[in-house]
Amino acid sequence: MAEAPMNLEKCIRRHDGFLVPILQDIQEHYHYLPEEVLKEVADKLKLPLRDVYGVATFYRSFSLTPKGKHIITVCLGTACHVRGGERIVEIISRELGIRAGDTTEDLKFTLETVNCLGACALGPIVVIDSEYHGQMTTAKAARFLKELRGSEWGKEDE
Amino acid sequence: MNRINSPEELEELRKAIIQKRVFERPCITVCSGTGCHAYGCEKVTKAFLDEVNRKNLREKVHIRTTGCHGFCEQGPIVVIHPEGIFYRRVKVEDVQEIVSETIIAKRVIDRLLYVDSNTGKKVMYEKDVPFYKKQQRIIFGNNGLIDPKNIDDYLAVGGYKALSKVLSGLTPEGTIDIIKQSGLRGRGGAGFPTGRKWELVRKQKGDGKHIICNADEGDPGAYMDRSLLEGNPHSVIEGMIIGAYAIGAKSGWVYVRKEYPLAVENIQIAIDQAREYGLLSKDILGSGCNFNIRIVKGAGAFVAGEETALMFSIEGKRGVPRQRPPFPAQKGLWGEPTNINNVETWANVPKIIEKGSDWFASIGTKTSKGTKIFSLVGKVRNTGLVEVPMGTTLQEVVFDIGGGAPDGKKVKAVHIGGPSGGCIPQELFHLPVDYESLTGAGAIMGSGGMIVMDEDTCMVDIAKYFANFLQDESCGKCVPCREGTQRMFQILADITEGKGKEEDLQLLEELGNVIKATSLCGLGQTAPNGVLSSIKYFKDEYFAHIRDKKCPAGVCKPLIKYTIDAEKCIGCGLCKKNCPADATVGELKEPHSIIQDRCIKCGICRDVCKCDAVTIS
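Going line by line, the protein sequences match chains A and B. The first sequence lines up with residues -13 to 144 when you count with our numbering. The second sequence lines up with residues 935 to 1551 when you count with our numbering.
Don't read these hints as lab results, they were simulated from the structure. Please note that the accuracy of each hint is not assured.
[What the hints assert, rightly or not] Calculated pairs, BS3-like style, for lysine-lysine (alpha carbon to alpha carbon, straight line, at most 30 Å):
#1 B:K1216 with A:K(-4)
#2 B:K1411 with A:K25
#3 B:K1344 with A:K126
#4 B:K1544 with A:K126
#5 A:K(-4) with B:K1544
#6 A:K132 with B:K977
#7 B:K1535 with A:K126
#8 A:K53 with B:K1251
[Said to hold, decoys possible] Reference listing, derived: stretches of chain A covered by chain B, where coverage requires no fewer than 3 residues with Cβ under 8 Å from a Cβ of chain B:
#9 40 to 54
#10 84 to 98
#11 114 to 125
Glycine residues also receive a C-beta, built at the ideal position from the N, C-alpha and C atoms.
Chain B with its partners taken away, still in its complex shape (with noise of 0.2 Å):
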């Protein structure tokens, strides 16, 4: 690799790149990121490669391992280039076929096409798949398309012009204006204008300032950023050094999740090229412009992610907040002026550069402008990342996109926001998701976690596990978020226990509000957002635990039993076989019982089931 002196330089290489490459010369991707790697993708790639070579069509087919495509839930993902044809669930034993079928035949393999559950039509295109076709995928478009592992793959689709325009005629302050009309707002949660926050810090004196990448994402059910580092890094650090030149700020922190061992090693790789390059490190593209970036693994702390508490972490103390002001635009990192963005933001940046803040302001509702990448899990067909404007509905998210819940169960709301967020109804499905709708219904924007829930969740029961997870990672530092989040979950454990009483809701609700009122950081002051929106959607689900000591959903285990239906049994002894606690009895071909003595309520009779006889009552 050859350093790069100027923007010319840049795209002469860029040009040399498209160049070399034959685009005719059929591709197969294979989608690598860790929802595929689960499914085995990483075998998949071999078999192609070692298939490729086998046929002697080494010289004649790339195969390219790619970023995440989003559409998790159907992975291993692979598309074959330059048709976009679509292959879902892709299994070692289908290379050989798809090799001599679809690349030497040019036919398409009818199996492996993606089947509309509306329709019962098998679609071939990539882009012709339900899941994708209300997406507006600006972000997120260009993961299925590159290797994160080679900087020209960037390159080849654009990558790093945002920065050589930004080196090559504008001023840090005109940079910082384009992102201030752009109406940026932070993808983390909180959603503060990114402009502005870059202004305060470019304002700042002093030559030490710094700049964080915010990639501790630790709400659980949100994956987007980890998705974004290890499938387009690139886009990422262009956004840091595009910020830094505007900041005036040589020092660079990207501080992701350990858990994340893919997003580390990928955004590590890319750094090192970009560096070998000479987009980072000194005299970036012969501008005079010095800025390194080094990355900080988390160890594992909730809290962490507020930014105060992530700068101590840094630091290498305990991460814990602490009170504002003043700011980390005042005093950061060492007490030094310090801008932090989370990983969506920067990703944002080098588009908005390249593409103009009108082009950018122009899609997304008044307040809210661009895209949001959310993670749709939980109780929902569809599961995976998916993209759309601000101010799409709910409705088109959880239902076109994301195609409702399995197995024709009846949606019943989604939770939004993580652990800070709240519970949003299916009667106010119309709401458009942007930061201020969501914030009046009681939820939040968050990082992006949008988990749905079907008949079968018990609202007070995720009520509680977010209490649950709250009282846990709550750092202890100030009281009415420690002590405040246990009392909560004690609440919500006795009411699951068939143990609540009425004046429990007031309670909850009077605490909620003082924890809200009370706390130092954004952990506290916005733990109790799940369980006041569940009680103020969900209050009969209360009703039923504390009166009925009842649980509708079936989940709450002191209030459930496990019976068999002795019409529906046929005898086979499955579940007698796989109880653990011998609770199940009967003679084969005889239907069979639980004595509940003995039952210890794990499910698994249900589980394994054939005949649907296990109900829960």
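So that you can see chain A by itself, here it is in the shape it has in the complex (with noise of 0.2 Å):
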């Protein structure tokens, strides 16, 4: 993901130098952690870089590696559970050929689960590049997943 740096100075400046915001931040913007704005950071706020490791790898929304260009999330809160959401998280990693968790070698999709939304009228949810949908069933999925699938891997063939 070729992004332009960020202003570090001005994120660590805008958060008060609050670890947390400021790793947030920096995920959202290279959609990762990478090692050397890690380093960065720990040099920044005077903090040994083990701790500044410590907190990027105890937080869920956290990660160490670049992340796909279509994020495919799978509500796996008790309301989706109950109505199926394991079967759509396999038949989804089935399509895709990685595990929950993982990213396409290409970074094209990554797959996660997330442990509630908090729509759970709407369940079983996916939320595919930030767009919900709802009322998902393991047919619907594998629909959704082929298209996708389509419109970005078949692009790469022409």
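Please assemble the complex out of the two chains, which come individually in their own frames, going by the hints.
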């Protein structure tokens, strides 16, 4: 992902040196936490790198590896679970050839699960690139994936 | 916006706002909670605005986007005021008709009305919908009336009156007394008396005290806090300012999950607006009281909802719990006295101050006062958020409000209290919902997630689900929780794969009791509840998995088989076309069958079959 480097100084000032929101901004900018940026953060906040690394690996929303262009999130909250959320993860995982939490090698797709999105009436829910798709079934998920995969991997063949 | 300098000026402003509003003017409210958002309410709102402009009705009709109405199953919800006409599942295509028929011609559109599933009758007004009838919405009620992004809406319904009352006459001690006498207990799970908590912090020495609003609603299947922050953020802020005055705190923090972007947005707007009016920051309403609120976004860790872990997380550290005492009231954020309450608790505060502790204490049971908001989800017909007086029975919540399970299935149990809670079987649905009854039955009040389970839900699978959740979310600091939850999960996984032994049940109970007794924080101490309660009430399901190698609910994959009923199959080929594993075979118009060796048990064939021919055995 060829992102322009972010202004770390400004980010640190904006958050008064609070580590978690700083890392959140970095994650949002680069879609992951690049090692060299973490080193810079530790340097600027005068924290040992191990502390920064400790925080970066503790919270679920941080990633030390780049994420895909399309992010597919399957809700596995209890309400979605009793309505078959697990089967939906399995079918998407099969279609993409990756496990939940992983990214395809070409960095096109990341498959994630989330513990609850708080939109339980619509369960099971799949979020594809921030768009909510409710009352998901395995058949619907397979169809969505075929389309998405075709649009992405189809293009590359051209 | 002009700064308000005294309680008198606040009342003048309120009067001016109310006077400016012509209440006879029709007002179309569109629910904009996360649920309705996912159904596409934004497009509906835009369509209303366009239509009203097109018809030159801009001056004659109000369009207002409001917070969550709670009845998420029926979204997007549109209510026409002042009559209160309730339209559900409104689509962009319906908008023109609503404006021309209901607004201009004053006619109700029949097809958009809610149909009572018990009587088959259509219901015209929101207040008559059975889902709302048994509720008492004192905390949640204003959600559907106000635009959460507009502080004037909150003022118009009496907002900040309680704050004004506190600052113009009550002492901090007097304020704490009112909360104590009301009997309000924490809505986040453990149910500690709120007034006593405040008093403990008040009594601590020093100027640097903090208050925190815990909005790290991590229980899967619970979303009432999200809806309050999204739909009525000022009620939470008002509660916090009152708390800050009573305790003597100058800084406040709202710790909110990052998975709730709309809640983050609305609470930030509300804080900014309150600050512009002088209801936050320095010399609030001319009282000399200074208080500010800052938002911290969680980064995704369930354990960070535990109070000591949450404070470390705000400080920018790993969100791991620590030993108590010292309690946060003694040593909290940066070692200073800190008071933590949950979102719903804070939202109760202004109501209690405004209406008095006697009024509040008259609602509920002997030990549990007021109302509680539950998220009623899972296998239930009327999914949504319900607010009922404490002491309402589970029967009333699940059947009278929730309408029972969909598709004529039988309700088996409810799981209450999230991963720390437990399940309660249908035989015990006469139990009242209060702190003590739920704990006595092996569950907990928790934050209020209520997941309904029907005959197609496997109780062993649910126990495994929570065990998996907890072993994943355990921070790893103490051994009983870290190792214990992993072992529990492994044993349960074995049982669901048909590899269980009868001794496993005893082992699970023994292990569960050790984890409960020896874990460091609430996560571990309550982690075995789900497993233990399911063994207590649904032992026969465990035996079916262990002895007969069968999953009665047809959920656990290694123990089930998909087959096609040749008599029902019409040979349409849909299953064959959709099967990702080429396991379904058959000629067109001939009965199909499944090659078991190839079948991955994904269930697509069953989902797509139009004649119910695919069965699980």
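Verification of the supplied hints:
no.	hint	result
1	B:K1216 with A:K(-4)	27 Å, holds
2	B:K1411 with A:K25	26 Å, holds
3	B:K1344 with A:K126	27 Å, holds
4	B:K1544 with A:K126	15 Å, holds
5	A:K(-4) with B:K1544	58 Å, violated
6	A:K132 with B:K977	27 Å, holds
7	B:K1535 with A:K126	16 Å, holds
8	A:K53 with B:K1251	24 Å, holds
9	40 to 54	holds (count 7)
10	84 to 98	violated (count 0)
11	114 to 125	holds (count 5)
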